[in-house]
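First to last, the sequence lines map onto chains A and B. Take the position in the first sequence, starting the count at 1, then add 52; the result is the number in my numbering. Take the position in the second sequence, starting the count at 1, then add 181; the result is the number in my numbering.
For the record, the hints were derived by calculation from the structure and aren't laboratory data. Everything numeric in this text was worked out from a predicted model, so none of it was measured. Nothing false has been slipped in among the hints.
In silico DSS-like links for lysine-lysine, alpha-carbon gap of 27 Å or less:
1. B:Lys527 with A:Lys331
2. A:Lys151 with B:Lys385
3. A:Lys256 with B:Lys509
4. A:Lys147 with B:Lys319
5. A:Lys110 with B:Lys351
6. B:Lys483 with A:Lys60
7. B:Lys507 with A:Lys233
Computed Cβ-Cβ distance ranges for the label pairs, DEER-style:
8. A:Glu264 with B:Ser368: 56 to 64 Å
9. B:Glu414 with A:Tyr125: 33 to 41 Å
10. A:Phe69 with B:Asn416: 42 to 50 Å
11. A:Gly312 with B:Leu640: 23 to 31 Å
12. B:Ser368 with A:Lys77: 20 to 28 Å
The following residues of chain B were derived to be distant from chain A, with all beta-carbon distances above 12 Å:
13. Asn443
14. Phe576
15. Phe590
16. Leu614
17. Asn700
Heads up, the beta-carbon is just placed ideally off N, CA and C, and yes, glycines get one too.
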Amino acid sequence: MVSKIKKKTLSFQDTIFNLQKYWSKKGCVILQPYDLEVGAGTFHPATTLRSLGPKPWKTAYVQPSRRPTDGRYGDNPNRLQHYYQFQVLIKPSPKEIKKMYLNSLSSIGVNHEEHDIRFVEDDWESPTLGAAGLGWEVWCDGMEVTQFTYFQQMAGVECKPVSVEITYGLERLCMFIQNKKSVFDLIWNDEGITYKDIFHQSEKEFSAYNFEYANTDNLFKIFDMLEEETKLLVEKQISLPAYDQCLKCSHVFNILDARGVISVAQRAEYIARIRELSKSIGKVWIESQS
Amino acid sequence: MSELFVELFSEEIPARLQINARNELKKYIKSFFIDNQIKFNENFKVYSTPNRLVLHVDKIPNEIKLNAEEIKGPNVNAPEKALEGFIRSNDTILEKIFKKNTEKGEFYFFKKESKKIKVSDLLEKNLSEILKKIAWNKSMKWANYDLYWGRPLKSILAIFNKKPLNFDFKHINSSNKTFIDKSLEESMKIFNDFNSYLKFFKQKGILIDQDLRKKLIQTKINEIINKKNLKIEQNDGLIDEIVNIVEKPAVIFCDFDKKFLNIPSEILITTMQNHQKYLPTFDKKNNLTHNFFVVSDIKDTKGFVKLGNERVIEARLSDAEFFWEKNKTQNLVKQVDKLKNINYFKGLGSYFDKIQRMRKLSSLISDDFLISKEKIEIASSICKVDLMSDLVGEFPELQGIVGGHFAKFQGFDKEVCLAVSEQYLPNGMESKLPKKMYSVALSLSDKLDSLVGFFGINLKPTSSKDPYAIRRMATSLVRLIVENEIKTKLKDLIAYTCSVYNDQGYEFDTKKIQNELSNFIIERLKNYLKEKKIRQDIIESSTLFLGLDDLLKSYKKSLCLNKNIKKEIGFETIAVYKRCSNILNSEEKISIDSLGFADPGLFKNDYEKKLYKKINDIRKYFLSAGKDENHEESLKILSSIKNQVNDFFDNVIVNDEDIIIKKNRLELLNMLCKTFDNYFNFSKIDA
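Start from the sequences and build out the full structure, keeping to the hints where you can.
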């Protein structure tokens, strides 16, 4: 198979369009990003909650993801506190999922016959979600571009059937496709707008907020309030609003962590608190599914 | 004669799981053939690529004959249920059962007739069970199935004597087909024998045999390094991993910008090896170079793979460089105070608290080691500062080493830098051992502080759980002491560490910790001796009454005895001891009210006197200073009593009619045993 010679570089937004079109054709529900701050596409309830229980489910969506500790004030060419993931979740995991994935790469101009595509062992675990899975990180010529995971456990519950999750790191992938050394040089659209034009200021300001200005006393209080609220909603057996509060807890914790005010010991304790919330929500959700 | 050929095709199985699965499959297949008394080529091999687990056994007969045999069943008086079970398990009927008398009474018997069985039938019946036995270190489920495997299993090809074997393994039916493209899994092909299978894939550049892949990779690398005058580090773990993450290896020679060589080489090497699975190269003087190898799973016809990998390493190294430049100038001493904000462990204070303790402890140790107190205190103070650096955040496996580089850059004393760098060594049995006294002192105080701390807050490992790797810590402590031949009063050091903790407001029970930790460390010493292949009875004896302060002595004596136990001096020493102690053991009553010495005035002959004198000579030898250091010499001295003992037993009857004389002779033998015990507790040694 000879690859078609690409006329122009695929822009960031076209990459998203192509992936959405591709997975739409595969029968996925194309969702929009969840409207809360989350650390990864996995936290979208369309993944966490929908991966639980017996009902089949296919979805794909872009999710802005926030990792306050990874902020570098826009100075580092590879690190961001806010970035995009393209997330696919299919339950039960289809037999041809690898083929589907490799073809999705072709849809954005990465031909697996020309590049060294490697499935490198990378088992995944999310202590806050009480979740674990086995799978790989996918390397393309040595660069990690995707996480590929078979969920084994979510919210402390064994996954039955097993879902497969594919998470593309869009910036990494586009840097690869567009041959850029800095994330800020990525071409966003065909009008020449760059990633820097859109996000540099926000990286700078949010880094300052996350590392310097976030009011930690208030955040500690907010965490407690959100936790209380979550517990109350779990009691009332409404899982989705409860899950929202839990996501907020998680983000507040992440900012506190970035501010460096959580000691190692406290860290484990906070993570355990969030995990307990996730687990209790998972239970309520599963009950609501039957 | 036929061949068995099985291929299990799956999604990419991680290297270490593959290696384990190969061994497991081999083990169970082998025992299948042995248990069923089927001849087979014992030199068979199991192969794997990331997607294929392949078994090939040849020289198997097509049929086996089961000889006739009488099978013994339950006793005739056993409940009826037992007989029913016996009939069922032998797949027979009541009419064919007969009774027969044996020495143990009358039993039911069944005569199994000889018959011929097709090996293919046996295989079809058993293969699924064999596959189920494979114990994965980590396994998973997928889709709706309830099969556990390393990664999703897609197909099973099974051939015996060129014909397909049909069996079900959970939801998968075996066949004579497999996928020939691992990526898209679009085309399948029939194979009827192993050779055509190998040949087919070889033509596609795929090597099923991991050993051939290894050879190919090594040959290609050697070609290049010989030409370029370079070396690579012997790294079996990494090579084995690489071999098992590719099916058609292509070695690509790459490089990065030379400017990155200014970063400490450990950082570059870790990035290449651990993060990217690259092989770094070194020049003839062992300096790291900017060249490295990538082993790709595809021929790089368009140069994309080389380009991509070089870009990845540049990005990673610029990150590392940025952090190195930023961190190296941050004054270590000025940062010490910030350690107050970093928790060492819940219940054991901050890292600042820890280094305060380590400083006091290492300062005390410095008196023993005859090293500069000032220098070791400096090393203790700055040794944990690197934990706050971005570099250690990025490369946690380089903690200490990075600190050593910061210290060197900031002009600290050479020995201080090395001590900081080596503070976590050794880390277990295999790891490198620090030799310089400053390094040993710092590492010792770090480990002691941790051990006492964990025991103090009652986080001792249990038989099944050791989440903080405390055993490894104690083993490392044992290695530090015995391999460096350190004479130190460990028990006092533990007590001192407790008191340092208590100065900080802890309420540690010194006596309790001292006892528990002593026992724990001695257990580790035993384990260590076991690893060193010391005989179990020697280990048990050497540690029977061992005080913690004699760790080194006990180790050296065990080593010495282990070496000599089969030689004349060892053998004879034990023989002498046993001869005497056997008599004493049979006369227990006497030893209870033993005086501990014999009365020379009661001796009746020269043999007693000579033996008495010899015992006293030996005692004098052991009392003279330093004599106890040369263990082989001591053993020789002990064995030299052989003649006097032989003469004694040849000419003296211990069991004299006169009870007083008898008791005196027993006292003499007791003296001998006590003298021997003083060197080593021989009583538990198997002659």
